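Engineer: Okay, here's what each chain looks like letter by letter:
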Amino acid sequence: MTAQTATKKKRRISWGAIFVNVVLVLVVLAWSIPTFGLLVSSFRSRFDIQTSGWWTIFPHQEWVTVAEFTPGEEVDRDGVMTFEGVSGTFEELRAGIKDGSTQVIWIGNKRIGKVVVQQKEWTAGNHDFTLENYQTVLGGKTFQIQQPDGSTLTVQGDNFVNAFLNSLIVSIPATVIPILIAAFAAYGFAWMRFPGRKVLFIIVVALLVVPLQIALVPILKLYVGLDLNGTFLGIWLAHTGFGLPLATYLLFNYISTLPREILESAFIDGASHFTIFMRLVLPLSVPALASFAIFQFLWVWNDYLIALIFIGSKPDVQVLTQRIAEMVGSRGNDWQVLTAGAFISMLVPLIVFFSLQRFFVRGLMAGSVKG
Amino acid sequence: MEQITEPTEHRPVGDQEVKSRGPLDWLVTNAARILISLFVPIVTFIGLYAGFIFLRDSSAPKGVVAVVAIIWGVGGVAALYLVSNWLVEKLNDEWRAKIQPFVFVGPAVAILFVYLLYPTVATLRLSLFDRNGEIFVGLQNYIEIFTNRSMFVAFRNNILLWIPFGALFTVVLGLLIAVLADRSKYERTAKALIFMPMAISMVGAAVIWNMIYDTNPNIGMLNWLYTGITGNDPVAWTASNQPWNNLFLVVVMIWLQTGFAMVLFSAAIKGIPSDITEAARVDGATEVQVFFRIMIPYIRGTIITVTTTVVIFTLKIFDVVQVMTGGQFDTQVIATQFYREYFTTRNSGLATAIAIVLLITVIPVMIYNLKQFGETEAF
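One line per chain: the protein sequences are A and B, in this order. Residue 219 in our numbering sits at position 219 of the first sequence; the count goes up by one each step and never skips. Counting from 1 along the second sequence, just add 1000 to a position and that's the residue number in our numbering.
These are calculated hints, taken from the structure and not from any lab test. It should be emphasised that the depicted structure is a prediction, and the values quoted were computed from it without experimental measurement. Careful: at least some of the hints might be erroneous.
What the hints assert, rightly or not - Using C-beta positions, here's what the derived DEER-type ranges look like:
1) A:G312 x B:N1232: 38 to 48 Å
2) A:I33 x B:N1232: 17 to 27 Å
3) B:S1240 x A:I112: 14 to 24 Å
4) A:V224 x B:F1054: 14 to 24 Å
5) A:T82 x B:T1344: 38 to 48 Å
6) B:S1240 x A:F47: 55 to 65 Å
7) B:L1160 x A:T70: 33 to 43 Å
8) A:L258 x B:A1285: 43 to 53 Å
9) B:I1053 x A:V224: 47 to 57 Å
10) A:A124 x B:D1182: 34 to 44 Å
11) A:V224 x B:P1364: 31 to 41 Å
As the list claims (entries may be wrong) - Residues on chain B that point at chain A, a partial pick, calculated with CB under 10 Å:
12) R1033
13) K1098
14) P1107
15) L1112
16) V1121
17) A1199
18) I1208
19) I1229
20) N1232
21) V1235
22) A1236
23) S1240
24) G1259
25) L1315
26) F1318
Glycine included, each C-beta is placed from N, C-alpha and C at the ideal position.
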């Protein structure tokens, strides 16, 4: 390879790398901005949220008042008025008339309003952050909130701590139980001979398609009869039932591709199926188990519909998503608490995701698709 | 664990000893065995039941309840497997070989029958009955579905808007990002941030995107950009410009699911042996050729799996629409129509018929998924 082609190649690669990284940065920005906006908004007061975008925390150009005066009585407010070199009707002035980098704007009503001259200037951004929203959302007591106009507002706290614990109680067993059951079943389907094996497996996989809405009503009737409605056991089993087809399918794909020789030699050594499963297959399947566990945990934690149907309005048992959905319904414009509540509900999944991320790369793919 | 392995190792020896001692000893030994065999499951059952009662009636502090509930739930299931297997391993070889597979797959199959199969059959039956499930009406509900305008819109949205835009963008974007990320030094960070929305609930995503679509330009980023650039009035993105308002809901799904597709594709790409791609590059193949001629065929299985998974997910889409628009402004989809007919209109016949139609729509997609089975042999 001559020196010339070497440099040529080098340059091409570095251009490619720049292109790749630029595109990647753009995609990452597009994907992160919505969540970032939510996070920023959750630390802003109600007044700030309503009057300025969360993006004004960054340095930006803003209209800054350089002069203001009250027009005298002699100004004809119904005709065309001229101030500071711009002229327009009241409506036009009210909307603001721009002239280069200055803007003249009428503030207030027609009779006693004032005229403000503004200039576009750089500002460092609005950094008035507060933890008040989180105090309101987490606590169960009432709070006094000082409003921008000086009055105080009494707000009932949302008691998210309780809902948070309920989400944990629901999610952890509803993650472990289906994985345990599915792992046993996957092993059975992959490595054991029994009549009806293929038919049963096809049924299991075919049930992947059953939209859970189909199952809700018959199960609900069953639960009412068994007094399981609003119990943790009821919702664990429901999540288990709805998560099992996928769990079995994914774990089957993984467990069935484990090297045959390892299992054969264990059999020759006299190990039982149960021993092989516990001592050999489960440890070997840790990547698949861990990655499916993360997915199932996120699904259960984030589920709203199943909780709504099987927990309903029992406040002691309600989970986070239910509390937030209630807030969306009743206080849809209270962005300061909605954003804080939504962020609290995202906290655990985000921690789980970022701390256990290394399992993803090896795990789920190996489980879901062979090769 | 000790309980489990012990019987397999010692039983043959035990059997011999029993036979050599005579019938009375045999009976005594076996009576003890039978008693133990009964005793262990009963103790397990009582323990689990006590836990159930405690959880149902206790007024202990929330933290204590949380710990007990988690241990009870997880430990209970594990205990059931341990005990039933312990019992099966006490049987002779022939019976054990017959019964043990059902200890393994039985619980899964039983739960699936109760939670999915039986309800499906019940739903199918109800779809042939009237709104209260009392009078047999034949296919009347299905005729209603295909002549009703509201249902027509739901089908249009689901099949002509959600699947082409949602599934296609999710899969293509996921694949492209995976390929790009694979070549970047910042792969880990980029993938983590793109995957992050998967950690967010649909309810949370609805809050996030409702905020972005808000008509107040100080809250809604999209309207801030739109009014700033065009000078027009703010737009209610999810309500006006039908049917394109649907696409603003589809964006939410793409945002949520692309990370999922990307993670799967990324892992598949890493599974491609680098000597294959290197050999192609040495032979003068361009990056585009490497992508289409080597990567795509190599990860074909993954592409099929991801596509079918996303299409099924898209067909079942419910939460995003329900929380963001409630199915108003012609944004209804099949699943929200089902919900509306059952829980609002209270027409169980029509609702269940919709559910069955949804099921039938999904079946063609499933055929791909099922093809993967049958290639694997039993041990």
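Engineer: Looking at the structure, which of the earlier hints fail to hold?
Structural biologist: Numbers 3, 5, 6, 7, 8, 9, 12, 19, 20, 21, 22, 23 - these are the hints that the structure violates, sorted from lowest upward.
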